[in-house]
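Residue numbers (this note's numbering), protein chains in the order written: chain Z, 208 to 675; chain X, 131 to 562.
Among the hints, erroneous ones may be present.
[What the hints assert, rightly or not] Cβ pair distances, simulated, as ranges:
#  : chain 1 : residue 1 : chain 2 : residue 2 : range
1  : X       : P464      : Z       : L241      : 53 to 63 Å
2  : X       : G213      : Z       : L346      : 48 to 58 Å
3  : X       : P428      : Z       : G501      : 38 to 48 Å
4  : X       : P184      : Z       : H313      : 19 to 29 Å
5  : Z       : R489      : X       : V451      : 38 to 48 Å
6  : X       : P428      : Z       : K563      : 57 to 67 Å
7  : X       : A220      : Z       : K529      : 50 to 60 Å
8  : Z       : L234      : X       : G223      : 34 to 44 Å
9  : Z       : R489      : X       : L450      : 39 to 49 Å
10 : Z       : T235      : X       : G223      : 53 to 63 Å
By construction, these hints were calculated from the structure, which means they are not laboratory data.
All C-beta atoms in this analysis are idealised placements derived from N, C-alpha and C, irrespective of residue type, glycine included.
If you want the building blocks of each chain, they are given just below.
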Amino acid sequence: MSAGASPAGGPHGPRADHHASAPKGPLTHLTHALVLLLLFALLYAVTRAVPENRGPAGTIASIGFLLLAGTLASELTEPLGLPHLSGYIAAGVIAGPHVFKLVDRHAVHELSPVNALALALIALAGGAELRLEIVRKGLKSLAWHSLVQVLLVFVTMSAVFFAARRLVPFAAELSVSAAIGVAALWGVIAITRSPAAVLGILSQTRATGPLAMHTLAFVMTSDLIVTITLAIVITAVRPLMDPSATMSMHELQVLGREIVGSIAIGTTLGLALSAYMRLIGRQLILVFVALGFGATEMLRYLRFEPLLVFMVAGFVVMNLSKQGDKLLHAIEDAASVVFVLFFAVAGAELDLPLLKQMWPVALLFGASRALFTWIAAKIGSRLADDPPVLARWSWSGLVSQAGLALGVGILIARAFPSFGGGFRALVVACVALNELLGPILFKRALDRVGETEAPPSRGSLPSLTDRS
Amino acid sequence: MNAIWLLMGLLVLSYLGSFLVGQHVLRGFGLPSGAEYVVLGFVLGPSVLGVFEPSTLTAFDPIAGVALGWLALVVGLDFGFVGSRRVPLARLGLGAFMALATGCAAAAAVFFSVARFVPALGRTDRTLLAIGVGAASAETTRHAVLWVTQRYSATGKVSSLIADIADSDDLIPLLLMGGAFALVPQATSLWPIPFYGWTIVTIVLGLVLGLVAVLLLGNDFRLIQSWGVLLGTSLLTMGLTARVGLSPLLATFAMGVTIAVISPHREEVVAMVRPTEHPVILPALLLAGAHVNLKAAPFLPWVAALALAARIAGKLVTGLVVRAASPDARGTSPLLGLGLLSSGSVAMSVGLAFALRFPGQVGHTVLFTAAAAAVFGEFVGPQSLRATLRQAGEIAEADRTPRPSFWPPRPSAPPAPPTPDQRPSFPGKGDA
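Assemble the whole structure, with the sequences as input and the hints as a guide.
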């Protein structure tokens, strides 16, 4: 067990019961449903009374509404065995610009800075959850799975895209070489996973078993793999798209500097965070806000990778200091609010009209990606000689896609403007499907293997519990 | 300065604020009203050094609005309570009366003077200005009273009375502001309701969402979900009222009062949000100071001076009324009202809320009046209050010299333990 690990059982240690709640009866659910309806009615009445409001009031109301509606919807979907994430996303979809328009496009756009804070927390938590002993134990499995998933899914999904290119509006007229290039870029999209969805599910369920830890370690490392693969593929396919272009090592050089620099900054930040928590240890929420907004902005300006920096920082705090559990506890407190907003906004951002238009292609790519992910997981498990739990379910957490895939889509669209718009639209449609279904699959798998059982708790309030 | 740097500056200030609440070594330092942050904001703002550009400040308007609403929620949660003790109804009435009388005096003085000397200002604007100035002039900040009683270890009936009054007068400025905002709502085309109806709507909205919060906090109080519930309900309250053009501060205050009265978890909720008060106040005061614009209206200086004079007169007269009405205050000086001249976060919140809602002559005059009252009160209020308490024999001889609280207690005069009716600490009140 690492220095920061708690003896309270499992890597989540003393936080294991921080989130859990007592079972709720039908009356509680009815109350929640009525309150949800009341909130919808209130916001509906006000948005109809003052329809043309582009000021901050609409955004502030949207934040409040999404927080409450997301929480209530998650409580209502809980008896169905669905993850809380699905509730948050559903609340966002229903209230969003494509259904009831209670949260309009302007508000959705204004809420995008929340993503920076959420992603910083996700990366910090993801890094901190990667305890050295767990990574060491599962290193062989992790390595095989990463290798097989990347190679197999990348190659097969590129092939599927190439074969089905006539169905894709922007790719139908491309030359063979250009179509191969676009297919390779689609392969990169296919290997992106969702650390946010995995951490969101684990944050709700407090799952600490082998499936949870394997999936977490996989998605956090896949983040780095995707970054590297993307740079390589963009460099390699550029001459296929534009015959006048030559393959340049410059992008790889930049990438190398970015990665090494990010690891160095992350290590420094991790040590600084450890020292802060040990010497002062107060107002971590303010520190997170400063990191999420200020540090992210500064790192982007300096062309480093914020997610990698925060992930390394979290890893250093957990494995090189005794402050890991404290960090995770603080992140969990902040994440209880930030995650609801992050996923509810993601729901509101879902482009339903686009999905409606592209659903056959999106379904084809989504289903084949899930299939090849499943096959790759089986092969990876066999090669790594995994225990039965992983051999059967390790694919389940890898279907979700969210912000990372969208971010990669935007980068590709910027790098290849000639087809970037259509490519990005297809990414959005596929992510919409995977975002809705992926978390449900992972939660179901965790339930099936019994990793989601946690005792009820009312949380902790030190100042009051100290009195008793 | 770009927005990120301003955000970082505000976070640093917020961080310092958290230490002012939580660390015993810093208690007793700083000015009781926080006026130094208003002045700092003014100096750094567009009017003087221009470190904060107007566009950057505008980008922070939503954050300022949310901070003000959150402060009003905290005030509402604590309204009518000193620690866990309820303020007696008579004292609650006395505090409200003092604020109402002072606020009305300032409002009337401004309304009639402006009608005479600034005829160009329309009736609605004049009314808004008068009510705004009245609201900004009504308060006595509880922080200043606590600052004095703690710094000089004052205990006794007069200290308790003044603390209760200062704690009870927050209702009036927020109510006045709610009424002023309701004069010009933004949803009149669909719902033609008179202004008092909109004021009631503001309060009812706060009440309904307060009930929602109580319901969601439930019997099984869980800290980790409670933040989501409190933040969600308060932001929704602020957003809905602001969208209709009503006062978010009155609504969140009503929400806070509802939670305090109905929820079985009031103490837990207060313990949760109390440590956030100071980290929110300081950046809000800085932003308020940065918004002060002396050139916003030609009548701004004399309206502020008039309001200040009316405030002094109002506090003096109402001080005499308190002296006559309350047996506990009989032995005090006739200048008791001067001790209640300190104003702070609530007055500045009112000023900034007006400046954000009515940018221009009206809003900036109200904000400047609030800032002037806070700075002036800083020079007069604490000194007068100390003199009043000394005369009442509630400041021990050995404690007459102010001393920072990190000095070790002197054996001859150890600080008196707080009485049950005193707040546990300044200004977070719960960190002792």
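Here's how the hints hold up against the structure:
no., hint, verdict
1, P464(X) / L241(Z): 53 to 63 Å, "holds, 57 Å"
2, G213(X) / L346(Z): 48 to 58 Å, "holds, 56 Å"
3, P428(X) / G501(Z): 38 to 48 Å, "holds, 40 Å"
4, P184(X) / H313(Z): 19 to 29 Å, "holds, 22 Å"
5, R489(Z) / V451(X): 38 to 48 Å, "holds, 44 Å"
6, P428(X) / K563(Z): 57 to 67 Å, "holds, 59 Å"
7, A220(X) / K529(Z): 50 to 60 Å, "holds, 55 Å"
8, L234(Z) / G223(X): 34 to 44 Å, "holds, 40 Å"
9, R489(Z) / L450(X): 39 to 49 Å, "holds, 46 Å"
10, T235(Z) / G223(X): 53 to 63 Å, "violated, 40 Å"
Checked against the numbered hints given earlier, the structure breaks only hint 10 and satisfies all the rest.
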